[in-house]
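Turn these sequences into a full structure, and let the hints steer you where they fit.
Below are the chains, spelled out letter by letter.
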Amino acid sequence: MADKKEKLHRGILYYPRIYRMIITQDIKSKMHYRADFFISILGMLATNIAGFVAFWLIFQSFPSISGWSYYEMIFMYAFSLLALTPAQIFFDNNWTLRFYVLSGDFVKYCFRPLNLFFYFISEVIDLKGIGQLAFGSIMLVYAWAHLGLAVNVQMILLLIAALFSASLIMIAMMTIASATCFWIINSGIVMVFLFRFKDYAKYPMTIFNPGFQFVFTFLIPIGFISYYPSLFFLRTAELSVLSWLSPVVAVLFFLLAYKIWMRGATKYSGTGS
Amino acid sequence: MGSIIEMDNVSKVFRVLNRHPGFKGTVSDLFSRDYKNIEAVSHISMAIEEGEMVGYLGPNGAGKSTTIKMMTGILEPTDGRILVNGRVPYENRTQNAQNIGVVFGQRTQLWWSLPVIESFRILKEMYSIPDSVYKNNMAMFDQLVGVSELYNKPVRQMSLGQRTLCDILASFLHDPRVVFLDEPTIGLDVSMKSKIRDLISVLNREKNTTVVLTTHDMGDVEALCKRIMIVDHGKLIYDDSIQQLKQFFGSYRTLKILMPGDAQITDEKMEKYRNDLLAQCPDSQNVVFGTDEEWLTILVPEDQVPLMNILSGMQTILPIKDMRIEEISTESVIRKIYEGDERIPQPVERTGAAAGEAAGG
Amino acid sequence: MDNSSGRLLFNNAGRLPFRRYLSLTRGGILESLTYRTGLFLNLLGNLVYMIVMFFLWRAIYASSPSTIVNGMTFRDTLVYLTMAGAIFSTLEVYLVWKMGRDIQSGQISLYFTKPMDFFLREFFYVSGNVVIQLFLTLVPTLLIVCIFTGWSIPLGWNLLFFTASLFLALLLNFSIDFIVGTLCLYTQSFWGINMVKEVIILLLSGATVPIAFFPDTFRTVVLYLPFQAIYNVPLQILVSHTYTWADYARGLGVQLFWVVVLVAAGRLFFRQSSKIITVNGG
Chain A
27 MADKKEKLHR
37 GILYYPRIYR
47 MIITQDIKSK
57 MHYRADFFIS
67 ILGMLATNIA
77 GFVAFWLIFQ
87 SFPSISGWSY
97 YEMIFMYAFS
107 LLALTPAQIF
117 FDNNWTLRFY
127 VLSGDFVKYC
137 FRPLNLFFYF
147 ISEVIDLKGI
157 GQLAFGSIML
167 VYAWAHLGLA
177 VNVQMILLLI
187 AALFSASLIM
197 IAMMTIASAT
207 CFWIINSGIV
217 MVFLFRFKDY
227 AKYPMTIFNP
237 GFQFVFTFLI
247 PIGFISYYPS
257 LFFLRTAELS
267 VLSWLSPVVA
277 VLFFLLAYKI
287 WMRGATKYSG
297 TGS
Chain B
70 MGSIIEMDNV
80 SKVFRVLNRH
90 PGFKGTVSDL
100 FSRDYKNIEA
110 VSHISMAIEE
120 GEMVGYLGPN
130 GAGKSTTIKM
140 MTGILEPTDG
150 RILVNGRVPY
160 ENRTQNAQNI
170 GVVFGQRTQL
180 WWSLPVIESF
190 RILKEMYSIP
200 DSVYKNNMAM
210 FDQLVGVSEL
220 YNKPVRQMSL
230 GQRTLCDILA
240 SFLHDPRVVF
250 LDEPTIGLDV
260 SMKSKIRDLI
270 SVLNREKNTT
280 VVLTTHDMGD
290 VEALCKRIMI
300 VDHGKLIYDD
310 SIQQLKQFFG
320 SYRTLKILMP
330 GDAQITDEKM
340 EKYRNDLLAQ
350 CPDSQNVVFG
360 TDEEWLTILV
370 PEDQVPLMNI
380 LSGMQTILPI
390 KDMRIEEIST
400 ESVIRKIYEG
410 DERIPQPVER
420 TGAAAGEAAG
430 G
Chain C
26 MDNSSGRLLF
36 NNAGRLPFRR
46 YLSLTRGGIL
56 ESLTYRTGLF
66 LNLLGNLVYM
76 IVMFFLWRAI
86 YASSPSTIVN
96 GMTFRDTLVY
106 LTMAGAIFST
116 LEVYLVWKMG
126 RDIQSGQISL
136 YFTKPMDFFL
146 REFFYVSGNV
156 VIQLFLTLVP
166 TLLIVCIFTG
176 WSIPLGWNLL
186 FFTASLFLAL
196 LLNFSIDFIV
206 GTLCLYTQSF
216 WGINMVKEVI
226 ILLLSGATVP
236 IAFFPDTFRT
246 VVLYLPFQAI
256 YNVPLQILVS
266 HTYTWADYAR
276 GLGVQLFWVV
286 VLVAAGRLFF
296 RQSSKIITVN
306 GG
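Chains as they are written, first to last, in this note's numbering: chain A, 27 to 299; chain B, 70 to 430; chain C, 26 to 307.
Hints in this document: simulated from the structure, not taken from any laboratory.
From a predicted model like this one, the values you see are computed outputs, not experimental measurements.
One should not assume that every hint holds.
[Unchecked claim] Okay, derived cross-link-like pairs now, BS3-like style, lysine-lysine, Cα gap no bigger than 30 Å in a straight line:
hint : chain 1 : residue 1 : chain 2 : residue 2
1    : B       : Lys204    : A       : Lys134
2    : B       : Lys304    : B       : Lys315
3    : B       : Lys264    : B       : Lys204
4    : A       : Lys54     : B       : Lys204
Next comes the structure, spelled out in structure tokens:
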């Protein structure tokens, strides 16, 4: 009779509508801190600009980085910034997961008739990433123009697809990192440790020896955040099979992260008797 | 036609890892086999019919929360079978959630910084509540407790009582068939408790919603529950009506004494009265002293010593302005059960008639 | 209660209340030690950073026509950046975080009820973590660099001057943090400001890209700013084979100059700003 899994019948707009309503509450509550909002955007922009300045300085004294030109580096940098932004903006609540789990307040997410991961993530939206989105876009256009890349529908679509799949990598990484709180105590430190790796995504994999190429491709796959997808635009002649695999890797990695997170959320025993 | 909640020989065993702090601890924990088995719930069977309001009691650590978590689909039982609304809660979490409501005392599920009406609107979307149902329920809530005055107040600015009120209303908003209330009146003042008990009572009656109420507050139990279940050390040790329970303690009566003046009744004073009384009445060693607001209460086991003897004894010890004799309070009954008095009956297999008798009334 | 007039180092009895302040340092050390897992992962993170920098600069130099650019070889650059990273870990005092949090929570008003001077109290407390990092990060890193580069770092008087320079750099870093933290009193926000501060310091001090690679005009400007006194000066003192006594004196002198200026400015700024708290009640 009742042991089979049923499906609730809801329209296709159910989740988007709920999402809009829930993030509105977070935006409204943060509106009270307008100064903090703008200063935070400024802070993020500062780090973005610093990355750019660092490259500019290096190229004042050096002709290239392992054969990669200034504009190619800027392209990869901008691409990485854009790929990192969705994780920053939409998945910010992962950083507070461990506090909810520790206090036991996490259970309140378990009583609602919607997907646990979706509900938890939708509670917080971090709009300070908008500065990074703007800066990254400008830098990308800047590099794109100087590299003389074609501007047509194919390229645009390719760019969007590449960015979409690249963004899943960071999302997946931080999701796994935060999910460790279901099993260990010091998960915040793990998150901070993994978070630093995003800064290395802007460098081409060719600078590393095979050992570290392996690490950054298959263990902590930051290579898929910018390098492998960028090859479609920068060095189509040198396309690696990994570039073609980027979307597959991204989706699989995200699914893995999702499964791990959900397993932790549903299996941890929770506090209280 | 099955009961709305059915538990059949359900057990829950936790394998708890002995965690260690620090770096070495974290690493060693990853490889550790040092588990403890904790049987939080042990072979519990019960059936709750639609429309019943059941009190679920037990000392802390008895397994109450664990049972509730299994009924709401958060935990999977190690053994046995649970059916809520005809579904296995753990395997159909979202579908189950659509048909239940849950309230935690003190832990709000509403959105903190929004005016509470916005929370209701979000819930309307979340539970796909039809416009007509939403309107009717909101009107009913307003009629019952005047909630429209609170609409524009952010939850963060509300008192505990107002918040709890809104949490309870929110849990009934989508017309669930079962509502789980976990310590709903905790931390509230007397008038608010009364208001909330009335609310729960009306909603249970009007909507025929099954209510499972876990609480430590005897006032809640007294006011709301005809049937109570008592859990201790993971086992269900009582499942019947309150009246039945009191009958088993029928030989107990409570003597209440009011003294002139406003003096506080302290523990030291009660100790003194105790000793003085013992001198007067040698059989009085098992009486239990307590207080109930301004009254001094003495629980007297009348099979050991007649209440009148205690009364005359007390008259020589202190001045009495007023006195009352009552049957044993629910609180004392529960306390006696927690303390392991063997006199309570084992849970009886619930037949439809008996269940209906407990639910109706 | 504002008993800090100027730089009150001596208490009313005319004695240095050193013991009280040193106990704060001890407290800071103990607190840092409880974050053992964090320390380990921090070290691991720094190691990863150094490895990435190694590969990056190897690639950068590989494309260069000459092995010496602006006076620095690949090894020079790597030693420079490695030691800069170690200094960063050592001098990181998280003061802006602490002040920012205390300001937001209102706890900062508590500090005025204690009899110790706020600046000194915080300084001695955070120096506890500095001591930890010194032995856990800086010294081992120095040893490793020496071994791997065949003792390219001179080991003589420069080490003594380096220690002095490091202490001054700490004071400098601390006072900048102190000024920025005080700024948070006005904005009720600290994350963004702290980011801006960090970025500016790291970039303009040569810790991200050695100052040797800055274009000429840029380099001249940067050398006049206090930020390079935090990283560049101690680093040059440490690694330079050609420094004379005059050079050491000049380096330390520049640091001392900035320390005096910024500590005084910071304390003044704080005293003025703390009136906001005492007036508004936090």
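Against the structure, the hints come out as follows:
1. Between Lys204/B and Lys134/A the alpha-carbon distance is near 25 Å, which keeps this suggested pair within the 30 Å criterion.
2. The suggested pairing of Lys304/B with Lys315/B holds, with an alpha-carbon distance near 21 Å, which does not exceed 30 Å.
3. Of the pairs offered as hints, the one joining Lys264/B and Lys204/B holds, with about 23 Å between alpha carbons and a cut-off of 30 Å not exceeded.
4. Between Lys54/A and Lys204/B the alpha-carbon distance is near 25 Å, which keeps this suggested pair within the 30 Å criterion.
In the structure shown, no violation is registered for any of the earlier numbered hints.
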